[in-house]
Amino acid sequence: MSTGTLTRPPAAEQARPTRRRPTPQRVVLHVFLAAVAIGWLFPVLWAVLTSLRSYEYTASHGYVSFGGWTIDNYVTAWQTAEFGKHFLNSVYITVPAVLLTLFLASCVAFVIARFSWKINLVLLGLFTAANLLPQQALLIPLFRLFTQVPLPEFMSDSELLYDSYWGLILINVAFQCGFCVFVLSNYMKALPRDLYEAAMVDGASIWRQYWQVTMPLCRPALAALATLEVTWIYNEFFWATVLMRTGDKFPVTSSLNNLRGEFFTDNNLVSAGSVLVAIPTLVIFFLLQRHFVRGLTLGASKG
Amino acid sequence: MSDLPLIQADRAVEPPAATTNRGRGRRLRLLSGTDRVVITLMVLIPLLLVTALVWLPALATVVLSGTDWDGIGPLADIDFVGGRNYGDVLTNYPPFVPAVQHNLLWLAVLFLVATPFGMFLAVLLDKELRGSRFYQTALYLPVVLSLALIGFVWQLIYSRDQGLLNAVLGTDVDWYGDPGVNIWAVMLASGWRHVGYIMLLYLAGLKGVDPSLREAAAVDGASEAKSFFRVIFPVLRPINIIVLVVTVIESLRAFDLVWVVNKGRNGLELLSALVTQNVVGEASRIGFGSALATIMLVVSLVFITIYLVTVMRGEDR
Numbered sequence: 001m002s003t004g005t006l007t008r009p010p011a012a013e014q015a016r017p018t019r020r021r022p023t024p025q026r027v028v029l030h031v032f033l034a035a036v037a038i039g040w041l042f043p044v045l046w047a048v049l050t051s052l053r054s055y056e057y058t059a060s061h062g063y064v065s066f067g068g069w070t071i072d073n074y075v076t077a078w079q080t081a082e083f084g085k086h087f088l089n090s091v092y093i094t095v096p097a098v099l100l101t102l103f104l105a106s107c108v109a110f111v112i113a114r115f116s117w118k119i120n121l122v123l124l125g126l127f128t129a130a131n132l133l134p135q136q137a138l139l140i141p142l143f144r145l146f147t148q149v150p151l152p153e154f155m156s157d158s159e160l161l162y163d164s165y166w167g168l169i170l171i172n173v174a175f176q177c178g179f180c181v182f183v184l185s186n187y188m189k190a191l192p193r194d195l196y197e198a199a200m201v202d203g204a205s206i207w208r209q210y211w212q213v214t215m216p217l218c219r220p221a222l223a224a225l226a227t228l229e230v231t232w233i234y235n236e237f238f239w240a241t242v243l244m245r246t247g248d249k250f251p252v253t254s255s256l257n258n259l260r261g262e263f264f265t266d267n268n269l270v271s272a273g274s275v276l277v278a279i280p281t282l283v284i285f286f287l288l289q290r291h292f293v294r295g296l297t298l299g300a301s302k303g
Numbered sequence: 001m002s003d004l005p006l007i008q009a010d011r012a013v014e015p016p017a018a019t020t021n022r023g024r025g026r027r028l029r030l031l032s033g034t035d036r037v038v039i040t041l042m043v044l045i046p047l048l049l050v051t052a053l054v055w056l057p058a059l060a061t062v063v064l065s066g067t068d069w070d071g072i073g074p075l076a077d078i079d080f081v082g083g084r085n086y087g088d089v090l091t092n093y094p095p096f097v098p099a100v101q102h103n104l105l106w107l108a109v110l111f112l113v114a115t116p117f118g119m120f121l122a123v124l125l126d127k128e129l130r131g132s133r134f135y136q137t138a139l140y141l142p143v144v145l146s147l148a149l150i151g152f153v154w155q156l157i158y159s160r161d162q163g164l165l166n167a168v169l170g171t172d173v174d175w176y177g178d179p180g181v182n183i184w185a186v187m188l189a190s191g192w193r194h195v196g197y198i199m200l201l202y203l204a205g206l207k208g209v210d211p212s213l214r215e216a217a218a219v220d221g222a223s224e225a226k227s228f229f230r231v232i233f234p235v236l237r238p239i240n241i242i243v244l245v246v247t248v249i250e251s252l253r254a255f256d257l258v259w260v261v262n263k264g265r266n267g268l269e270l271l272s273a274l275v276t277q278n279v280v281g282e283a284s285r286i287g288f289g290s291a292l293a294t295i296m297l298v299v300s301l302v303f304i305t306i307y308l309v310t311v312m313r314g315e316d317r
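The listed protein sequences correspond, in order, to chains A and B. Numbering follows this note's numbering, with no gaps: position 7 of the first sequence is 7. Numbering follows this note's numbering, with no gaps: position 126 of the second sequence is 126.
Honestly, I wouldn't trust all of these hints.
[To be verified] Listed next, with one range per pair, are the computed distances between beta-carbon atoms:
1. A:G247 <-> B:R265: 32 to 42 Å
2. A:V283 <-> B:S212: 36 to 46 Å
3. B:D161 <-> A:L121: 54 to 64 Å
4. B:R265 <-> A:R193: 49 to 59 Å
5. A:F115 <-> B:I306: 20 to 30 Å
6. A:T246 <-> B:V62: 48 to 58 Å
7. B:L59 <-> A:W117: 24 to 34 Å
8. A:T23 <-> B:V113: 23 to 33 Å
9. B:V113 <-> A:R193: 17 to 27 Å
10. A:D248 <-> B:P211: 52 to 62 Å
11. A:D248 <-> B:V181: 30 to 40 Å
[To be verified] Just some of the chain B residues that point at chain A, by a computed CB distance under 7 Å:
12. V43
13. Q162
14. F255
15. G289
16. L297
17. L308
[Said to hold, decoys possible] Covered stretches of chain A, as calculated for chain B (at least 3 residues, CB under 8 Å):
18. 171–179
19. 237–248
20. 278–292
Hints were generated in silico from the structure; no laboratory data involved. All residues carry an ideal CB built from backbone N, CA and C; glycine is no exception.
Isolated chain A (complex conformation):
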């Protein structure tokens, strides 16, 4: 629904004005890029298109046809797959995980950037490398650990770290911290050092230097990282798949796999479900594109 209206207009508006100064080279370039761009959008557009057609119509006329428009697939998918519940689960995991990641990472990054101790390089390496390890390589001990650590019942009805939101939040934080430490420490190193001199003269403690001097200046970096991390943790599939058991508690990305059976025979439903799951990331992508791209180009600009 919204993805369709969001993705299509720019295609119509902007792909064309190439004819202004038609040197042959430019025309070829634009034709090529437009073809690639449309090819790239196609799978997503196809999913949107399929989701808006009734199964009966496409079953009898084939998918390469026109007609049978309906939004029933969305209604059915939403109800069958209990998307409301799974979206909420994703919120329970993503929001605390992103906030905690940014907070913990900014603490470490601050110390790394503020002081020039030998150990800082080791710290930076430990954090950054942790973000790059293959998750599956840690699975066996972690699985065992999570099934051994008890939680009080009010925290999780599984009474274990396994099959609890807490466990997923922690593992996501542990994994994503490294990336944020690296980015933030680079960003903080580029801040003028006089700030701290002034703060010291004023008698500001380390905590106040961190919270009231450095953090406000890091807002652009934090906004960019928050955008990226929300997308990544929302999209996270592996940990939830292996460290959760109760179907009702799965976040939406990993719940996809459980829906496969229910939707198997009806591709129109699959596409409606896929579009629903994609909507939050697509909204972030279109609304916060600046932050997203900024996050990706942060280091070069040095703030």
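Position chain B relative to chain A; hints supplied.
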């Protein structure tokens, strides 16, 4: 999830001017007792979390790979069996060889097809073009989708009875199910995302290239292709290394896509999926799964080291 840091890459193109280190160490003496406690906590809490949930499990994986633990019995019953698990993996586990082949194939396709194509698009988009923003947006849209979701999106194209591909080609192939073709089908979907990702990396890198380099090359009468390969590409060396490492690690960590298709069986074996099958699957063979995981760990650590050396060069000056 499968994303890897992008930002380091462009930072590496243009390392920030080394900040003056003089006098920084001396300031420690000016720290009060409370400050020291605060600093310690600021580092220690995140460090404990990362150590407990990432580094210790990594270490434990290596240790367990030398044991015969079944995953259920008490840890005291563990016997060390030396390299037996590795021997079993190599000689007595049919999916291992296909998995290694598939991981290598994955790497080859991402590295030889998707990466150059992404770089090529970045070069084209780096010119001042009208509509460049639209092209970029279209190309990196798949980057914000999870690989699990991408598996479902492409199912609409690949499905045997309801897929677009068979309808258009008039064929009757189960693109996700037929072990002869499904790895290629999955890699196409994965490459679809990777191209946008690499395009972004290089686009950011190209923006950081000193314009006078290009001008100089143009003045010397170098063709565009020549100036790219002789002048720009060598300047991008740090980003090239990072793209290489990112591609290797992405290929090694590939998991979500094959798991949603068929849990990594029947033509879609990958190391990551085999490890997972051995832990959460019916047969929980811990020592055996750990040996597989250790192999992944060792390969990734080699490339992580290259990565760290590249991105941290200049940090210590």
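Structure-based check of each hint:
At roughly 22 Å, the beta carbons of A:G247 and B:R265 sit outside the given window of 32 to 42 Å. Between A:V283 and B:S212 the beta carbons are some 41 Å apart, a value that agrees with the proposed interval 36 to 46 Å. In this structure the hint that B:D161 and A:L121 lie 54 to 64 Å apart at CB holds, the actual value being about 57 Å. In this structure, B:R265 and A:R193 meet the distance hint of 49 to 59 Å, their C-beta atoms being roughly 57 Å apart.
Hint check: A:F115 to B:I306, Cβ distance near 27 Å, so the stated range 20 to 30 Å holds. Taking 48 to 58 Å as the suggested C-beta distance range, the pair A:T246 and B:V62 does not conform, at roughly 32 Å. Range check, B:L59 to A:W117: about 25 Å between beta-carbon atoms, so the 24 to 34 Å window is met. For A:T23 paired with B:V113, a C-beta distance near 30 Å keeps the hint of 23 to 33 Å intact.
Under the hint 17 to 27 Å, the C-beta atoms of B:V113 and A:R193, about 46 Å apart, miss the expected range. Between A:D248 and B:P211 the CB atoms are about 56 Å apart, so this pair conforms to the stated range of 52 to 62 Å. Distance hint check for A:D248 and B:V181: the Cβ-Cβ separation is about 36 Å, which falls inside the suggested range of 30 to 40 Å. Contact between B:V43 and chain A, as hinted, is supported at the beta carbon level, the nearest pair being about 5 Å apart and thus within 7 Å.
Proximity of B:Q162 to chain A holds as hinted, the smallest CB-CB distance being about 4 Å (cut-off 7 Å). The beta carbon of B:F255 is positioned within 7 Å of a beta carbon in chain A (closest approach about 6 Å), and the interface hint is therefore held. Because the beta carbon of B:G289 sits about 6 Å from the nearest beta carbon in chain A, less than 7 Å, this interface hint is met. For the restraint placing B:L297 at the interface with chain A, the shortest Cβ-Cβ distance is roughly 4 Å, inside the 7 Å limit, so the hint holds.
The closest approach between the C-beta of B:L308 and any C-beta of chain A is roughly 5 Å, which is under the 7 Å cut-off, so the hint is satisfied. Given as covered by chain B, the region 171–179 of chain A passes the check, having 7 residues with a CB less than 8 Å from a CB of that chain where 3 are the minimum. Remark: the region 237–248 of chain A is confirmed as covered by chain B, as 4 of its residues place a Cβ nearer than 8 Å to a Cβ of that chain, reaching the required three. Proximity of the region 278–292 of chain A to chain B, defined as three or more residues with a beta carbon under 8 Å from a beta carbon of that chain, is established by the 7 residues found.
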